[in-house]
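Student: Just need the whole structure built from these sequences, with the hints factored in.
Chains A and B supply the protein sequences, listed in that same order. Quick note: the numbering used here has the first sequence finishing at residue 921, numbered continuously throughout. Quick note: the numbering used here has the second sequence finishing at residue 644, numbered continuously throughout.
Rather than coming from a laboratory, the hints here were simulated on the basis of the structure. You may find that some hints are simply not true.
Stated by the list, open to error - One-sided and incomplete, this derived list gives chain B residues near chain A with beta-carbon spacing under 7 Å:
| # | residue |
| --- | --- |
| 1 | Ala288 |
| 2 | Ser491 |
| 3 | His580 |
| 4 | His582 |
| 5 | Asp583 |
| 6 | Arg590 |
| 7 | Pro612 |
| 8 | Ala613 |
| 9 | Leu641 |
Said to hold, decoys possible - Negatives, chain B to chain A, calculated, CB over 12 Å:
| # | residue |
| --- | --- |
| 10 | Glu240 |
| 11 | Ala274 |
| 12 | Asn289 |
| 13 | Thr399 |
| 14 | Arg401 |
| 15 | Asn537 |
| 16 | Lys637 |
| 17 | Gln643 |
In this text, a Cβ means the ideal position worked out from N, Cα and C, and glycines have one as well.
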Amino acid sequence: MIDLRDLYQEVILDHSRNPRNAGRLTEPSGTAKGHNPLCGDLITLDVLVEDGVIRDVSFDARGCAISVATASIMSDMLKDKTLEEAHDLFRRFQKMLTGPDAEAEGLDKLEVLAGVREFPMRVKCATLPFHTLRAALDNEPGTVQTE
Amino acid sequence: MNAPAGQNPEILAARDDFPLLARPMNGRPLAFLDSAASAQKPRAVLDGLRDFYESEYANVHRGVYLLSAQATDRYEAARETVRRFLNAGRPEEIVFTRGATEAINLVAETLGRSGRLEPDDEIVLTVLEHHSNIVPWQLMRDATGVRIRAAAADQDGNVDVEAVFREVTDRTKLIAFSHVSNTTGTVLPAREICHRARERGILTLVDGCQAVPHAAVDVADLACDFYTFSGHKLYGPSGIGALYGRLDLLTSLPPWQGGGSMIEEVTFERTTYAPPPARYEAGTPNIAGAVGLAAAIDYVQRFGSENIQRHESAVLKYGVDRLQAVDGVRLIGTPRHRAGSISFVMDDVHPHDVGTVLDREGVAVRVGHHCAQPAMRHFDVPATIRASLGIYTHASDFDALVEGLGKVKELFQL
Ligand SMILES: Cc1ncc(COP(=O)(O)O)c(C=O)c1O
Numbered sequence: 775m776i777d778l779r780d781l782y783q784e785v786i787l788d789h790s791r792n793p794r795n796a797g798r799l800t801e802p803s804g805t806a807k808g809h810n811p812l813c814g815d816l817i818t819l820d821v822l823v824e825d826g827v828i829r830d831v832s833f834d835a836r837g838c839a840i841s842v843a844t845a846s847i848m849s850d851m852l853k854d855k856t857l858e859e860a861h862d863l864f865r866r867f868q869k870m871l872t873g874p875d876a877e878a879e880g881l882d883k884l885e886v887l888a889g890v891r892e893f894p895m896r897v898k899c900a901t902l903p904f905h906t907l908r909a910a911l912d913n914e915p916g917t918v919q920t921e
Numbered sequence: 231m232n233a234p235a236g237q238n239p240e241i242l243a244a245r246d247d248f249p250l251l252a253r254p255m256n257g258r259p260l261a262f263l264d265s266a267a268s269a270q271k272p273r274a275v276l277d278g279l280r281d282f283y284e285s286e287y288a289n290v291h292r293g294v295y296l297l298s299a300q301a302t303d304r305y306e307a308a309r310e311t312v313r314r315f316l317n318a319g320r321p322e323e324i325v326f327t328r329g330a331t332e333a334i335n336l337v338a339e340t341l342g343r344s345g346r347l348e349p350d351d352e353i354v355l356t357v358l359e360h361h362s363n364i365v366p367w368q369l370m371r372d373a374t375g376v377r378i379r380a381a382a383a384d385q386d387g388n389v390d391v392e393a394v395f396r397e398v399t400d401r402t403k404l405i406a407f408s409h410v411s412n413t414t415g416t417v418l419p420a421r422e423i424c425h426r427a428r429e430r431g432i433l434t435l436v437d438g439c440q441a442v443p444h445a446a447v448d449v450a451d452l453a454c455d456f457y458t459f460s461g462h463k464l465y466g467p468s469g470i471g472a473l474y475g476r477l478d479l480l481t482s483l484p485p486w487q488g489g490g491s492m493i494e495e496v497t498f499e500r501t502t503y504a505p506p507p508a509r510y511e512a513g514t515p516n517i518a519g520a521v522g523l524a525a526a527i528d529y530v531q532r533f534g535s536e537n538i539q540r541h542e543s544a545v546l547k548y549g550v551d552r553l554q555a556v557d558g559v560r561l562i563g564t565p566r567h568r569a570g571s572i573s574f575v576m577d578d579v580h581p582h583d584v585g586t587v588l589d590r591e592g593v594a595v596r597v598g599h600h601c602a603q604p605a606m607r608h609f610d611v612p613a614t615i616r617a618s619l620g621i622y623t624h625a626s627d628f629d630a631l632v633e634g635l636g637k638v639k640e641l642f643q644l
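Tutor: Set out below in structure tokens:
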């Protein structure tokens with residue numbers, strides 16, 4: 775059984791308390807809201823995409839340590855990534871959390887969230903920011919729900 | 231802290247009647263503090279179900295053979311057990327449902343179709359309601375044009391009679407409220423609300439889900455028109471519950487679902503309906519569920535509702551005191567009268583994270599909005615941690631909870 779300290783690592787606690795890129799963009803190209811009805815996590819995420827490249831990401835999150843830390847680390851990693859690279863990152867992240875083995879290749883700083891896979895009830899907390907990102911990139915109206 | 235005074239030795243021993251509670255959880259003894267979501271089952275219920283299936287099971291109200299007659303007797307005896315449990319006047323006033331949710335939908339839908347309500351009539355709820363006592367009324371509102379008003383709670387989570395009647399107007403046709411809140415544990419002044427409503431000719435529906443496991447209920451004394459509860463929160467099986475409805479109402483409301491058992495005569499031109507309770511029990515009912523529910527009621531009644539109430543109050547007060555003494559814990563709701571549940575939040579740690587840590591410590595609590603989002607909004611929190619007790623809960627379960635909160639603080643460096 776993995777230790778809770780592997781889930782709530784220092785880096786995660788730090789990102790959840792001092793989320794990077796917190797706030798809103800003044801002129802986003804896409805915005806989306808995400809909601810996890812099970813625990814009430816709410817996130818509003820803005821993106822600025824120019825020529826197929828993510829120039830800026832900002833978010834407002836009210837939620838658990840896992841979802842806020844994921845949003846924070848994710849937002850840090852997205853700048854100057856192409857849309858294809860962003861989607862690829864989500865695929866890899868999902869694979870790390872729910873795939874047959876904890877493959878963390880190419881996940882860089884998001885790798886600290888690998889422990890979440892041991893807590894199936896919490897996987898949705900970690901994927902909520904990514905689902906919201908995908909909706910923001912598509913500029914989908916409405917709210918993304920995790921269930 | 232010292233063990234709480236006023237505990238009942240017989241009830242303290244009840245824990246041994248619940249096999250599941252002996253199961254270790256994540257390598258720790260299980261401290262099950264989520265009975266408000268669903269209670270564990272005593273051997274008396276498990277054995278009762280098994281015996282029934284092994285020796286007396288058949289469909290009810292159908293066959294002429296002995297077995298069917300026996301099963302029917304057991305099913306109807308279960309109805310009588312519920313009648314006595316609620317002190318209803320007649321067994322016809324007890325309708326078996328899938329649970330409280332189904333019962334409230336039944337009343338809302340049939341009332342909506344009854345012609346008794348006009349657009350601009352009003353229904354009063356409270357902000358503490360479970361979604362199952364909100365959404366069925368909204369569905370009915372959309373069909374009838376009635377208005378819904380919600381009585382406020384104060385900052386401590388009390389809902390006073392005055393707060394309810396502030397929302398009452400000449401157009402109010404029904405007040406629907408929970409006897410005990412599943413979030414704050416608030417005991418509402420049900421008797422006063424129902425009596426005042428009756429004087430003004432307003433119908434009442436009381437959601438008793440969180441009340442019946444903790445105290446004696448007497449629908450005659452309450453003077454309510456409808457009362458409902460779910461069996462699974464009362465140590466019975468899931469998928470069974472009961473609706474009490476005043477006989478003249480059940481007789482005059484239209485049928486709900488159509489099907490077998492609820493009819494008198496069917497032709498393609500016209501069908502006549504059976505009198506209550508059959509009128510509201512279309513199709514093969516949850517026969518064993520009713521038998522299991524009766525076994526659960528028999529089980530709790532052996533201890534006596536008054537004894538359970540006294541004992542649980544002592545344990546619950548111990549829990550409240552212990553939680554209030556923890557630095558960084560803030561209770562959500564400190565009502566004057568409380569039963570069953572304690573909600574709280576921790577500074578700087580989200581309830582969901584608290585729940586994960588507690589689980590590792592063998593402590594099962596519910597975290598989230600408890601199907602009461604308006605109540606969350608009232609207290610301005612996205613979610614809470616809820617510890618709730620049952621007849622088998624010991625003071626030591628709250629000790630384990632408080633110890634677990636210590637682990638939370640350690641892990642989050644608070
Ligand atoms: C106060 C209250 N009302 C209604 C319900 C709904 O009960 P059920 O889901 O068994 O129909 C619950 C259970 O969560 C409850 O606590």
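Student: Does each hint hold? Answer for all of them.
Tutor: Hints and how they fare:
1. Annotation: B:Ala288 was flagged as interfacial toward chain A, and the flag is violated, the nearest CB pair being 40 Å apart, outside 7 Å.
2. Contact between B:Ser491 and chain A, as hinted, is not supported at the beta carbon level, the nearest pair being about 36 Å apart and thus beyond 7 Å.
3. Evaluation of the B:His580 hint against chain A yields a held restraint, the C-beta minimum of about 4 Å falling below 7 Å.
4. Nearest Cβ of chain A to the Cβ of B:His582: about 4 Å, under the 7 Å cut. The hint holds.
5. At about 5 Å, the closest approach between the beta carbon of B:Asp583 and any beta carbon in chain A falls short of 7 Å, and the interface hint on this residue holds.
6. Taken as an interface hint, B:Arg590 checks out: its beta carbon lies about 6 Å from the nearest beta carbon of chain A, inside 7 Å.
7. Nearest Cβ of chain A to the Cβ of B:Pro612: about 4 Å, under the 7 Å cut. The hint holds.
8. The closest approach between the C-beta of B:Ala613 and any C-beta of chain A is roughly 4 Å, which is under the 7 Å cut-off, so the hint is satisfied.
9. A hinted interface residue such as B:Leu641 counts as satisfied when its beta carbon comes closer than 7 Å to some beta carbon of chain A; here the least separation is about 5 Å, so the hint holds.
10. Distance check on B:Glu240: its Cβ is at least 37 Å (rounded) from any Cβ of chain A, clearing the 12 Å threshold; non-interface status holds.
11. Separation of B:Ala274 from chain A is adequate, the least Cβ-Cβ distance of about 32 Å exceeding the 12 Å criterion.
12. With a minimum CB-CB distance of about 37 Å to chain A, B:Asn289 clears the 12 Å threshold, and the non-interface call stands.
13. Taking the minimum C-beta to C-beta distance to chain A, about 33 Å, the non-interface status of B:Thr399 holds against the 12 Å cut.
14. No beta-carbon of chain A is positioned within 12 Å of the beta-carbon of B:Arg401; the least distance is around 33 Å.
15. With a least CB separation of 37 Å from chain A, B:Asn537 remains clear of the 12 Å interface cut-off, as annotated.
16. For B:Lys637, the condition that its CB be more than 12 Å from all CB atoms of chain A is violated, with the nearest at approximately 8 Å.
17. A beta-carbon of chain A comes within 12 Å of the beta-carbon of B:Gln643; the shortest separation is about 7 Å.
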